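Note that the protein sequences, when read in sequence, are chains P and U.
One point on numbering: in UniProt numbering, the residue at position 76 of the first sequence is 76, and numbering is uninterrupted.
One point on numbering: in UniProt numbering, the residue at position 95 of the second sequence is 95, and numbering is uninterrupted.
Simulated from the structure, these hints should not be mistaken for laboratory data.
Bear in mind the structure is a predicted one, so any value in this text is a computation, not a measurement.
Be careful, since some hints might not be right.
[Stated by the list, open to error] Below are the DSBU-like pairs computed for lysine-lysine, each with C-alpha atoms no more than 30 Å apart in a straight line:
1. K99(U) x K34(U)
2. K173(P) x K173(U)
3. K34(U) x K173(P)
4. K34(P) x K99(U)
5. K34(P) x K34(U)
6. K173(U) x K99(U)
7. K173(P) x K99(P)
8. K99(P) x K34(P)
[Unchecked claim] These stretches of chain U come out as covered by chain P in the derived footprint (C-beta under 8 Å, 3 or more residues):
9. 72-82
10. 153-161
Every residue, glycine too, gets a C-beta built ideally from N, C-alpha and C.
Number of protein chains: 2
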Amino acid sequence: MSAPVRRTGGRSAAVLSSIRFAVEELVRERGAEKVTIPLVAERAGVNPTSVYRRWGDAATMLNDIATYRLDPTRELPRTGDLRADLIAWCREIVEHYRKPINAALLRGGSASAGEQETECLRNRRAEGLAIAGEAGALDADDIIDGLVGPIVYRAIFLPWTLDEDLPVRLVDKVLAA
Amino acid sequence: MSAPVRRTGGRSAAVLSSIRFAVEELVRERGAEKVTIPLVAERAGVNPTSVYRRWGDAATMLNDIATYRLDPTRELPRTGDLRADLIAWCREIVEHYRKPINAALLRGGSASAGEQETECLRNRRAEGLAIAGEAGALDADDIIDGLVGPIVYRAIFLPWTLDEDLPVRLVDKVLAA
Chain P
1 MSAPVRRTGG RSAAVLSSIR FAVEELVRER GAEKVTIPLV AERAGVNPTS
51 VYRRWGDAAT MLNDIATYRL DPTRELPRTG DLRADLIAWC REIVEHYRKP
101 INAALLRGGS ASAGEQETEC LRNRRAEGLA IAGEAGALDA DDIIDGLVGP
151 IVYRAIFLPW TLDEDLPVRL VDKVLAA
Chain U
1 MSAPVRRTGG RSAAVLSSIR FAVEELVRER GAEKVTIPLV AERAGVNPTS
51 VYRRWGDAAT MLNDIATYRL DPTRELPRTG DLRADLIAWC REIVEHYRKP
101 INAALLRGGS ASAGEQETEC LRNRRAEGLA IAGEAGALDA DDIIDGLVGP
151 IVYRAIFLPW TLDEDLPVRL VDKVLAA
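With the rest of the complex left out, here is chain P (with noise of 0.2 Å):
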């Protein structure tokens, strides 16, 4: 989640997960481009300004849904090893991309994106400069070019190619470049 997620007891975190239950079950039923904050609101049965005050538009709450799996808290792989580590990191980006429902979500985030950075690309560029920037070995160019971006063009537009060898394709071409 990109919002900072505020510990006010178990109803916000209900209401939170009733809307994100919502939101998959309309992504799969109609397609991306046509789930509307109001539609989302009656099927979670919560009152739609709830959904509007946290995201403000259907786009940008796509995007944060998506990239909730891809939690930006969860450990990173930091073995020292930095080819093994940037392995690690992108299988997890692929993994999470070959769940129909979270490239049927990029998909819907893409129709509106371009007017300013998504929370998950923020969240991947820092990630990948956690694992490789220290070391000098990649900047945020490199990461976006060499890693996050053909990774997502693939998730859009050939989400069959998502496979086991694309992080390894990837991260030897980087690191070789």
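Place chain U on chain P using the hints.
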């Protein structure tokens, strides 16, 4: 255009041109995700059936029209200097997506991608292979992961980073790897 262009005189060319104009106008006004075939037909003053017959659905229409300006029959840069040719080719793609209308059409198309390869991707990969494949310098994955993927990713999510230096940077990385 991906569909074979039949030279049936001026009539069908005029219809196509009015459809194209209607699509571009509607995308600018409403955003690609809200452009439907009935809307386009109405604006273009043609029968919806002829639009459906040509493209089948709105996503295919948008993808096709988004690639219009990158005519797959145009002459490719072929000076014999591989690096220079690849840079010139990437520059064409970057220039194409720097036009906001083309980036908007790309985002609209990406919302419905993922079922099969887009015509656009097929054309770009074939072009890349025509320039760099014969020399054995690059294969299809190099072209997707090293050139087309990062450019399209940036066009969707970071359009303000489609700068002059990007083609040089990408080509130098892909040739070094």
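Violations among the numbered hints, reported as their numbers in ascending order: 3, 9
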